[in-house]
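Chemist: Residue numbers (numbering that gives the first Met the number 0), protein chains in the order written: chain A, 0 to 665; chain B, 0 to 249.
Certain hints may be false.
Claimed, not checked - Here are the simulated PhoX-like pairs of lysine-lysine, each with C-alpha atoms no more than 20 Å apart in a straight line:
#1 A:379 - A:390
#2 A:418 - A:308
#3 A:489 - A:5
#4 B:79 - A:395
#5 A:535 - A:548
#6 A:30 - A:183
#7 A:495 - A:199
#8 A:489 - A:30
#9 A:355 - A:297
#10 B:147 - A:395
#11 A:583 - A:516
#12 A:583 - A:524
#13 A:531 - B:42
#14 B:42 - A:524
#15 A:583 - B:42
Bear in mind the hints are in silico, worked out from the structure with no lab data behind them.
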Amino acid sequence: MALDSKVPAGPLADKWTTHKGEIPLVSPANKRLLDIIVVGTGLAGSSAAASLAEMGYNVKAFCFQDSPRRAHSIAAQGGINAAKNYQNDGDSVHRLFYDTIKGGDYRSREGNVHRLAEVSRNIIDQCVAQGVPFARDYGGLLDNRSFGGVQVSRTFYAKGQTGQQLLLGAYSALNRQIAKGRVKMYARHEMQELVVVDGKARGIIAKNLVTGEFERHSAHAVLLCTGGYGNVFFLSTNAMGSNVTAAWKAHRKGAYMANPCFTQIHPTCIPVSGENQSKLTLMSESLRNDGRIWVPAKKEDAEAIRAGKLHPNDIAEEHRDYYLERRYPAFGNLVPRDVASRAAKERCDAGYGINKTGEAVYLDFAAAIMRYGAEEAHVKGLKNPTDAEVKALGEKVVEAKYGNLFQMYEKITASNPYKEPMMIYPAVHYTMGGLWVDYNLMTTVPGCFALGEANFSDHGANRLGASALMQGLADGYFVAPYTVGEFLSKDIRTGKISTDSPEFEAAEQAVRERTEKFINNNGTKSVDFFHKRLGKIMWNEVGMARNEKGLKQAIADIQALREEFYADVRVLGAANGMNPELDKAGRVADLIELGELMAKDALERNESCGGHFREEYQSPEGEALRDDENFAFVSAWEFTGVPSEAKLHKEELTFENVELKTRSYK
Amino acid sequence: MDLTLKIWRQNGPQEKGEMKTYPISGVEEDMSFLEMLDFLNDKLINEGIEPVVFDHDCREGICGMCSLFINGEAHGPGRKVTTCQLHMREFKSGDTIYIEPFRAKAFPIIKDLMVDRSAFDRIQRAGGYISVNTSGNTIDANAIPVPKENADKAFDAATCIGCGACVATCKNSSAMLFASAKISQFSLLPQGQPEAKERVLNMVHQMDLEGFGNCTNTGACEVECPKGISLENIARMNRDYLFASLSSNK
Chain A
0 MALDSKVPAG PLADKWTTHK GEIPLVSPAN KRLLDIIVVG TGLAGSSAAA
50 SLAEMGYNVK AFCFQDSPRR AHSIAAQGGI NAAKNYQNDG DSVHRLFYDT
100 IKGGDYRSRE GNVHRLAEVS RNIIDQCVAQ GVPFARDYGG LLDNRSFGGV
150 QVSRTFYAKG QTGQQLLLGA YSALNRQIAK GRVKMYARHE MQELVVVDGK
200 ARGIIAKNLV TGEFERHSAH AVLLCTGGYG NVFFLSTNAM GSNVTAAWKA
250 HRKGAYMANP CFTQIHPTCI PVSGENQSKL TLMSESLRND GRIWVPAKKE
300 DAEAIRAGKL HPNDIAEEHR DYYLERRYPA FGNLVPRDVA SRAAKERCDA
350 GYGINKTGEA VYLDFAAAIM RYGAEEAHVK GLKNPTDAEV KALGEKVVEA
400 KYGNLFQMYE KITASNPYKE PMMIYPAVHY TMGGLWVDYN LMTTVPGCFA
450 LGEANFSDHG ANRLGASALM QGLADGYFVA PYTVGEFLSK DIRTGKISTD
500 SPEFEAAEQA VRERTEKFIN NNGTKSVDFF HKRLGKIMWN EVGMARNEKG
550 LKQAIADIQA LREEFYADVR VLGAANGMNP ELDKAGRVAD LIELGELMAK
600 DALERNESCG GHFREEYQSP EGEALRDDEN FAFVSAWEFT GVPSEAKLHK
650 EELTFENVEL KTRSYK
Chain B
0 MDLTLKIWRQ NGPQEKGEMK TYPISGVEED MSFLEMLDFL NDKLINEGIE
50 PVVFDHDCRE GICGMCSLFI NGEAHGPGRK VTTCQLHMRE FKSGDTIYIE
100 PFRAKAFPII KDLMVDRSAF DRIQRAGGYI SVNTSGNTID ANAIPVPKEN
150 ADKAFDAATC IGCGACVATC KNSSAMLFAS AKISQFSLLP QGQPEAKERV
200 LNMVHQMDLE GFGNCTNTGA CEVECPKGIS LENIARMNRD YLFASLSSNK
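Working from the sequences, and respecting the hints, build out all of it.
Modeler: See the structure below:
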């Protein structure tokens, strides 16, 4: 099948408006005859379910958590981008579009990204109308801050809890529709299989996690809003339950996976402390507005710190290496995430890491505290304040900006970041890859759509900070509710989809067999045992730096791991009832298959771009070397039975409005 | 560290539960409380014992899914932390730790330490929203300035994570801190005004229907709240409720 992105013709800035005007409408009377399933209730899922229900469709929404409000969008910290130009710093829709294309290292579609930039402004209006309490200045207007990879302040925020506030806003819109009976909510339900009838997605098999029962749900379209697959690395900033199962089942039923190897490793996370760690915690990118990243300039100082013989506060300014400011003077500490992460790895690999494991760098607020303190002292009219007074004032300002993050850091590490620099290291955070979708957000299975992090469409090879929230809400509120019309307008005479068809029967049977296999396996190792091993393979070979030999090894290792998993995994308890181990087993089985495909994708992409860094393709200074001549395409993989033998389809990327350049933040 | 864990085990909503004892050694200070339970579960699986079931997801104190009554306190010792942020360095080797589910009539037990908190969702559905369609065709976000003080207070109220620690802590199993946080958020913002009266009446009504108790101003909820939601919100809700009861046409 040839991939057709269906990006409308015409000038970039008119594409979306023109397209929206040409999508066939479905009359209100006919919308009542159409059912839509939404899987996942994060920003994309909640907003899509609420919007579609408002428009008149019958919506069923599913989440595996106990409430739609728990979805992992809630954990996003720093902010949401929008081209409002409230700060009058030269921002515009075009600039947001350009920054996103460049930030993504020229591996995303122009048409999609421009649409995202256009609707970004409506998102802020919408959220404020819903009562989302964004940060405001003393005049009562909305405040902004900066994020990496840009030179304007376009990020709206609610302290370090922006994701929480936006999700609760979308959750309230969803609740309004649930209360009206327009959305039927299924919490503690997990999608187990996509049902395809006559080549179209017509429903799902869901598991009621409380009773263990399998349920058949039919619909005229299925929207997968199921987030990313960072948990393939075991340790990531994802929630424990985040998984790829829904997307992977769709992949196995014909939906292509696009650019699966594009993984975002976030530069500022709390470093790994021990073998029993279950997850990693992000320290928001917004901290790089004020924090300076450094390691000791002298190796012996780094060694002394690691041995506990030297304190970072005792290292003189001239013996510190602020390596981002040194290497990238134009953007300094606010370079994009992939660049910052690689730079940290480079210093640590060279022996300058500063914690026991040698895998950590400092994020230091001392300079910002003194700077803010001096400003406050001036405002308060203090003459010749002492350093201690300035510091105390400055700490208050920093607390108001980042208080909850500093508190979170202290709880986890038992170290006070007001008094000594934070220790940070890159960690898996977000996956730019995902299900391939066309301009209408439809996958290669007609009627199956993918929204938010679950699709691949907007961030190319690297996502800019504060753009995930923007994309989730853009897809859910302003894109999918219109674009599903193109597919559904042909379904107004279809009538209710039966759940008694052989396709539903076969899908349910497959799910039952998988479940019984796990329960009766009588192996000897826990699910986590295999998940951790998968994570190690992925982090070592398919992580921040990759090479041909390592990737080939990873494929072989993952295949061996999969065999061992099925032969030896032990799942206790029964299938009928609440059994989280059983649910985890199903998720890890799919993550293992995905891991193999990620390694394959990374192996085939013989270039370095964004989050994908192949050691063979770098400049003498260690910067990524992109190959636009041979790799300016989206890799869309078709499942053929063995993940690493998937069939590659290429969607060539054409750039009519931006010039392909080497990304430079110097 | 060597610990003795006393954990509530209950196979299903209708079954009888009991405290069971599990000695555990090899616990590390840097583990979070839930990582300690993962560690226990791994051992239990190896011994052929069904692992302990508990709710958890984000493990960074924001999703509100984790719960647990630890040594008689919601989310354990320490202030302004959820169970997932509690670390084992708060305990010492030789300690006995009692781990129970959040208990309230409105939070029936599903299994072991996992409870059903869907009553909270139903309270939100009774009015915890502003009736604006999601068309994006609203007024410009900066068209109505909001005094910073009100915006900040609305934000503070809105940081409630819906974990239910307030209910589990309250001797009356009252959900007033939870409900008042949402009611206050909208009550403090201009966008929330048109529906303010109906909102407070409907949400309080739903709270009563769910079987939550009343508030007797003990203040334990505020102390145990991992997000520091202020009692001031309950006072505001009571004022709004009184005003709405007297002036509403309903």
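Chemist: Work down the list of hints and note, for each, if the structure agrees.
Modeler: Now for the hints, and whether the structure bears them out:
no.: 1; hint: A:379 - A:390; in the structure: holds (14 Å)
no.: 2; hint: A:418 - A:308; in the structure: holds (18 Å)
no.: 3; hint: A:489 - A:5; in the structure: holds (17 Å)
no.: 4; hint: B:79 - A:395; in the structure: holds (19 Å)
no.: 5; hint: A:535 - A:548; in the structure: holds (16 Å)
no.: 6; hint: A:30 - A:183; in the structure: holds (16 Å)
no.: 7; hint: A:495 - A:199; in the structure: holds (14 Å)
no.: 8; hint: A:489 - A:30; in the structure: holds (12 Å)
no.: 9; hint: A:355 - A:297; in the structure: holds (17 Å)
no.: 10; hint: B:147 - A:395; in the structure: holds (17 Å)
no.: 11; hint: A:583 - A:516; in the structure: holds (14 Å)
no.: 12; hint: A:583 - A:524; in the structure: holds (13 Å)
no.: 13; hint: A:531 - B:42; in the structure: holds (16 Å)
no.: 14; hint: B:42 - A:524; in the structure: holds (10 Å)
no.: 15; hint: A:583 - B:42; in the structure: holds (17 Å)
Violation of the numbered hints given earlier is absent; every hint is satisfied by the structure.
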